[in-house]
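There are 2 protein chains.
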Amino acid sequence: MAVSEKVRGFISQSSWIRRMFEEGDRLKKQFGAEKVFDFSIGNPSVEPPIEFKRALRQVAAEDVSGAHGYMPNAGYLKTRQVVAQALSRDQGVTLSADHIIMTCGAAGALNVICKVLLESGDELLAPTPCFVEYRIYADNANGVAKFVRTKDDFSLDLAAMRDAITERTKIVLINSPNNPTGKVYNEASIRGLAELLEDRNRAYGRDIYLVSDEPYRDIIYDGITVPSILSAYRNSMIVSSYSKSLSLAGERIGYLAVNPAISDVEEVMGGLILFNRTLGFVNAPALMQRVIARIQGVTVDVEEYRKKRELLCDGLSSIGYEFIKPDGTFYLFPKAPGGDDIEFVMALTKRKILTVPGSGFGWPGNFRIAFCVDDATIVNSMKGFAKTFKEYR
Amino acid sequence: MAVSEKVRGFISQSSWIRRMFEEGDRLKKQFGAEKVFDFSIGNPSVEPPIEFKRALRQVAAEDVSGAHGYMPNAGYLKTRQVVAQALSRDQGVTLSADHIIMTCGAAGALNVICKVLLESGDELLAPTPCFVEYRIYADNANGVAKFVRTKDDFSLDLAAMRDAITERTKIVLINSPNNPTGKVYNEASIRGLAELLEDRNRAYGRDIYLVSDEPYRDIIYDGITVPSILSAYRNSMIVSSYSKSLSLAGERIGYLAVNPAISDVEEVMGGLILFNRTLGFVNAPALMQRVIARIQGVTVDVEEYRKKRELLCDGLSSIGYEFIKPDGTFYLFPKAPGGDDIEFVMALTKRKILTVPGSGFGWPGNFRIAFCVDDATIVNSMKGFAKTFKEYR
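So the sequences go chain by chain: A and B.
Numbering of the first sequence is given in the working numbering, commencing with residue 1 and proceeding in unit increments.
Numbering of the second sequence is given in the working numbering, commencing with residue 1 and proceeding in unit increments.
None of these hints come from the bench; they were simulated from the model.
Take the hints with a grain of salt, since some may be wrong.
[Claimed, not checked] Derived lysine-lysine pairs resembling DSBU-like cross-links, with alpha carbons at most 35 Å apart:
| no. | chain 1 | residue 1 | chain 2 | residue 2 |
| --- | --- | --- | --- | --- |
| 1 | A | K6 | B | K78 |
| 2 | A | K352 | B | K78 |
| 3 | B | K6 | B | K335 |
| 4 | A | K28 | B | K78 |
| 5 | B | K53 | A | K53 |
| 6 | A | K6 | B | K6 |
| 7 | B | K335 | A | K78 |
| 8 | A | K53 | A | K325 |
| 9 | A | K325 | A | K146 |
| 10 | A | K6 | B | K146 |
| 11 | A | K78 | B | K146 |
So that you can see chain A by itself, here it is in the shape it has in the complex (with noise of 0.2 Å):
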């Protein structure tokens, strides 16, 4: 037996994401690019922004010496300065280059935070809907996952998170704008979570993490703003990436950013900086912290996604399917029509649809939508989703 007992395990149940990505392979290669309408996997469709590109032939050009070598396992601190101005910001909390790691994506940023904070057995608590894969980020840390369920709007539900912390709770880790329901937890959810966590630090006698992974942060619409993670709650860190902002999912470069009041910021620092070094992360890819630094504040154009919901919600809503708005990402996460999501998925399948189970993030009754695709895509789908509403409704 080569491989472990539990790698076996995680293999058999894969994600089914990318299940659904290799179907999506298999059906183009059949029947050709342009029959299969792949909402499968959220690779941003729209092109980085032209300020990107500008950055990165400049920075290919210049003869720096040693600029593709090591640099501090943290990242460069210019690099590192910069996005802390930006956080600051958008915080609305002082943070300097030393709270800020430059990682290989939100990803790496993650699974260093689960290593470097959870001691064996520690729970790592996530609201669902959310992406599976925190349960093996967790696990490779030797933590525990527990998922609690938010409400039927998908916000958070304070009530049962309450019942679900316990005192081997140690993360509380929330997803907003959220993958895959496109939810924004406002203002108020975030300042209750933060209550609600003091209260149980003080009953446990010991310190919950609030990591907000929030890669999606800059692709909200209708003039929603994602409240502050850092000013609302002392022990608090922002994982985040360059991945669906610039369309950069590929080169895997990221953040993690730490509040400079958590408790022993220097010791948790130290640690995260070890640990991004030997989970063999060493540093974020040089290259990109360089031409990140120079484009601060430039995002894709959101109005491009917007559009795409637009044209989404108003064909799946005029056939009957049910969902709630995003407010932000590029997904949408409908009911399945006659209830059972991965029946339903695989009945979209065959009409050449390939969409994700609500299953895959802890959901059932539902699958995501995403919608990070040609206009044309979801525009000669829809026929595929009519019939096969008609055969579930």
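Fit chain B to the given chain A structure using the hints.
For chain B alone, kept in the frame of chain A given last:
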């Protein structure tokens, strides 16, 4: 208590290499960079070759849709194909793209391999001297690193390795050309090691995996060849990176290659790809994958390092230092005059010479000089090396 007990332990015994690197930073700020002789870290001094810079500019100038987005977690097919071709020639074993995963450097690859192969408590055995953070990589996967000394000439001590292998040994990890000694394990010793492992496989009824960490494979001198691991032993994997061969240490681009003849090869690859994603790497940086696909076989000018080796060896030899001339890499691992490596390294820092004690490589009594530095640093450090030698001989 913010960070876990284990993390606190690791921080306190943190890497000597990074500690000396930081001591260097302090000294440079105090006295000016030109006054400090920093031999502490293997950060390549030789610039990436012109072919790299040209390929980087080309790739940056192209406007390929989705070029910065996700690709399959194992990496671009095209990149894996050219890596497989180059490795097939080099190893005398035919590999395809299906046996290659592009990784965030060799450190990323090693963490993924440990995670997939080690069950809790399984042992990873590595000959010393070696990179000390192998210990943390094994621990990250709940395995246990065990170390076994090489002979006095730093060649493999097969008898000692035989004694050190137990029924819990799952991985034997070698690093050749070796950091910190520059030793290349020769053909006979690799063949002997393969026989030993086959014998132990039979004895214990389980497979031991031979993992060869070879980022220095291309940095060799005097016409020496590095033996093929894949043709010597069936259950083998190679881990490498472009950090040293192309001076791209900060870009985090490397790969792992699995012997096509390995047991359960598809399951092993599935596990490795899954954990390349879920340990948080997701995939190797997209842009660098596209760059290195165009310049397979290109390396930095090794002649530059050879000249530095001569300069350093001649200088230290004439002072009276004892060492074995390295077969490859840009490291020299002399005996510490007086015998106490930590004391001697500290004495060198008083002359503003930064090196790393052998204790940081599981080999007290010697110290490492990373000669990937300007020639002037080597030449101008000789006075300090001479004075400190006189105090301790």
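For the pair supplied as a hint, K6(A) and K78(B), confirm whether the alpha-carbon distance does not exceed 35 Å. holds (31 Å)
Hint check: K352(A) vs K78(B), CA-CA at most 35 Å. Holds or violated? holds (27 Å)
Restraint status (C-alpha distance of K6(A) to K146(B) at most 35 Å): holds (23 Å)
Would you mind confirming whether the straight-line C-alpha gap from K53(B) to K53(A) stays at or under 35 Å? holds (17 Å)
Check whether the Cα positions of K53(A) and K325(A) lie no farther apart than 35 Å. holds (32 Å)
Has the given pair, K28(A) with K78(B), been kept, meaning a C-alpha gap of at most 35 Å? holds (19 Å)
Given pair status - K78(A), K335(B), alpha carbons within 35 Å: violated (39 Å)
35 Å limit on alpha-carbon distance, applied to hinted pair K6(A) and K6(B): holds (22 Å)
Does K335(B) sit within 35 Å of K6(B), going by the straight-line distance between their CA atoms? holds (33 Å)
Does K146(B) sit within 35 Å of K78(A), going by the straight-line distance between their CA atoms? violated (40 Å)
Are the Cα positions of K325(A) and K146(A) separated by 35 Å at most? Answer holds: K325(A) to K146(A) is near 27 Å, not above 35 Å.
Violated hints, in rising order: 7 and 11; the structure is consistent with all others.
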